[in-house]
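Trainee: As given, the protein sequences belong to chains A, B and C, one line each in that order.
Anchor point for the first sequence: position 32 equals 12 in our numbering, and the numbering is continuous, going up by one each time.
Anchor point for the second sequence: position 66 equals 1259 in our numbering, and the numbering is continuous, going up by one each time.
Anchor point for the third sequence: position 122 equals 291 in our numbering, and the numbering is continuous, going up by one each time.
To be clear, the hints were calculated from the coordinates, so they are not data collected in a lab.
On a predicted model such as this, the values are computed, not experimentally measured, just so you know.
Positions of the beta carbon are idealized from the N, C-alpha and C atoms, including for glycine.
Incorrect hints may appear among the rest.
As the list claims (entries may be wrong) - Simulated crosslink set (BS3-like; lysine-lysine; CA at most 25 Å straight-line):
{"hint": "1", "chain 1": "B", "residue 1": "K1231", "chain 2": "A", "residue 2": "K199"}
{"hint": "2", "chain 1": "A", "residue 1": "K199", "chain 2": "B", "residue 2": "K1236"}
{"hint": "3", "chain 1": "A", "residue 1": "K36", "chain 2": "B", "residue 2": "K1242"}
{"hint": "4", "chain 1": "A", "residue 1": "K216", "chain 2": "A", "residue 2": "K50"}
{"hint": "5", "chain 1": "B", "residue 1": "K1374", "chain 2": "A", "residue 2": "K192"}
{"hint": "6", "chain 1": "A", "residue 1": "K36", "chain 2": "A", "residue 2": "K240"}
{"hint": "7", "chain 1": "A", "residue 1": "K192", "chain 2": "B", "residue 2": "K1231"}
{"hint": "8", "chain 1": "B", "residue 1": "K1236", "chain 2": "A", "residue 2": "K130"}
{"hint": "9", "chain 1": "A", "residue 1": "K142", "chain 2": "A", "residue 2": "K128"}
{"hint": "10", "chain 1": "A", "residue 1": "K128", "chain 2": "A", "residue 2": "K98"}
{"hint": "11", "chain 1": "A", "residue 1": "K128", "chain 2": "A", "residue 2": "K154"}
{"hint": "12", "chain 1": "A", "residue 1": "K216", "chain 2": "A", "residue 2": "K199"}
To be verified - Heads up, incomplete: computed chain B residues facing chain A, CB under 10 Å, no partners named:
{"hint": "13", "residue": "R1249"}
{"hint": "14", "residue": "G1250"}
{"hint": "15", "residue": "P1259"}
{"hint": "16", "residue": "I1411"}
{"hint": "17", "residue": "Y1413"}
{"hint": "18", "residue": "I1432"}
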Amino acid sequence: MRSRQIGAILLSAAALAGSLAACGNSGPKSALQKAKDDKKLTIGVKYDQPGLGLKKPDGTVEGFDVDVAKYIAKELGVPESGITWKEARSANRETFLQQGQVDMIVATYSITEARKPKVTFGGPLYIAHQDTLVRADDTSITSLDSLKGKRICQVTGSNSWKNIAEGTNKENKKVDVQLVPAGAYEECVTKLKGNAIDAVTTDDTILAGFAKREGGALKVTGAPFTDEKYGVGLKKGDKETCDAVNKAIVKMYQDGTMQKIFDTHFSGTGLKFTATGAPPAEGCS
Amino acid sequence: MSANVLFDAPGPRARLRNNILTLISAVVILAIAYLVIKALADKGQFAGKLWEPFLRGDVWTGQILPGVIATLEAAVVSAVLALVFGVIFGLGRLSEHSWVRVPSGAVVEFFRAIPLLLLIFFAQAGPATISGYTVSVPAFAAVVIGLTLYNGSVLAEVFRAGILSVPRGQSEAGYSLGLRKGGVMRLILLPQATTAMMPAIVSQMVVLLKDTALGWVIAYEELLNYGLKQIPSNFGNLIPSAIVISLVYIAINLVLSYVANRLERRSRRSRRTTATVVGAPAAVGVSAGIE
Amino acid sequence: MESLFDFSPLVQEFGTILTGFWSTIRLTLMSGLLALILGTILVAMRVSPTPVLRAAGTFYVNILRNTPLTLVLLLCALGLSDTLQLTLSSDSPTNYYWWAVLGLSAYTASFVCEALRAGMNTVPAGQAEAARAIGLTFLQSLRLVVLPQAFRSVIAPLGSILIALTKNTTIVIVAGYIEASAVMKQMFDDYGGTLPIFLGFAVGYMVLTLPTGFFFGWLAKRLAVSR
């Protein structure tokens, strides 16, 4: 190998190492402090969840979570132009928060006991309920019980199927269903349309997003059986920001913005906005 | 050994038989194609709504092309680094000193044993968790590090095999001319081995390129993330998207193989080797994306 | 960051993790076997006297080798199984298991074929000429003379392909079958995507792949054709 080539390779290696170092150590600043000082925030949302967080071909993101995040950012003093969006996935959410690659995550991130030791949750910002998505012409599935013997989608990396098969739902009812594994809800919807399964079951917001995109081919049954507390994920121990986020959420419900955001994304899907005020805060820890 | 030493040149009867077989295969293939297309059409998979997005300019300029570019960026940087890694550890494994040879072997075996998906995650989450400091590793760097470690280890084995394939007499002749170890390696072994290793290196580059698709796990936005996550989420057309994205990957890889083969043929003309060609790549890459 | 170094989830879910790895082993062995058979057929096609078979073999290898495995598996499960209704078993989990196996082996077979073709290049031309001279047909000379030697010279690459196949099973969830990495994904969602969980699974994969590598290395040395 020529020495010039080796030089070029070493240079690119050095450049890579340099870029690593440069990105290291974002400092102990809380998200709130950063919002106040720099008027900038990096927010993690889903990029592939229609109705909640979806990246469009033109590069913009839209959805329920996105609008909620914009509102919270505005309350923290950051204009829309100061927000940098990043994609949040279940494998990178905790890492992103810990390393400060994102300041907050608004991405159908349910508050659970298992996650609390790793993440500080603001909110809940909304309480979703697990429901069922079926083909529009299917009248046989109306409730949890009627799922018995049906083929439902089991998405790994999601707990929804457990709530049915293992009985962790409001009615404490184990329903004997046939589980069909899949990698993502998008695959489930494809299977549902292709008659390879009978129902997709998860948070009603996610289902409504799909139902709206498919325009009448699929419907949400409207028989909810769990509560999913959507939180705002923050770096562990960032109480200051958490308090500010909770205040913003209360205000968002009071001034009617929440209802507006909800209607924009879920009207016409059968999903109803029933909340009269912000859900009781979980407390920042 | 080329294929034609395995059988005699076809006579008139064999030629007739070949033609008949070709005709039958053509009919069978057309029949299968017809059945598949008909079944897809019955299922509504040819509805214009599902394919229309691929006729839109913004889907190409906003999603597919940025995906292709991100895939190529990660692939090119990792390819260069993996070659360096491969040379260092491949030669390290051939060292006469056991304190170089043993650790090099351990590194290579270790990184070959773990699924790339996990390596990429380590690259992102590992440094901060282990050191206790806030070290943030951007998705691009994590993908590049993972690809480098895995493909570099595979390439290390290719290099080792390549150098071992040069007949011993060559290095002995070098030493007898008074060359030192470095000189024998640089002037005699490496140039000949490179020619022998080219096919294996090219195949590994194709694997590497496809493996960038695993960046999805930490949300690196490459071709598969755009094509199999974002486009279907926008338009609800998972199967058409999978077909189109497969074609894009096949096209990129065929171009890559073609260019590499041209280069190889040119270098083979200008440089003669005594080494035997190193076998097909030692590994099939994990190429993918879950979720 | 203490909580990010918590290994307890691995203990709590130990049974599930073992089941996951058992699925990985089942998938690997069955797909490996099928890929070996299919790969051998493909290499025979690629060197056969019939032009159309040669073309078909080349086409197959070029397509499968250049498509990411995710897409192969996705098109198998969602395309062939769900949309075209080609079911391999009336029992849904068995059906998806076989589609996962088919997808994996179809993809891996193209690599097996290329490895074998490289192995055939190490067989001296005199061997094949001698086989023809004593009147063996194409298939006979392939079966009795060329392939046995080719196989022995590519044991090590075949071992690497098997290792890669083991690691490639991490993707079959898109074909609707649950193995170790799907268990891992489920655990990320339950406990967060933390390093200890990844470490646990990395060790699990190493337990499967390292002995495979050493075994094939040993086998390659033992069976090497001395020339």
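Trainee: Going through the earlier hints one by one, which of them does the structure break, listed in rising order?
Mentor: 1, 5, 7, 10 and 12
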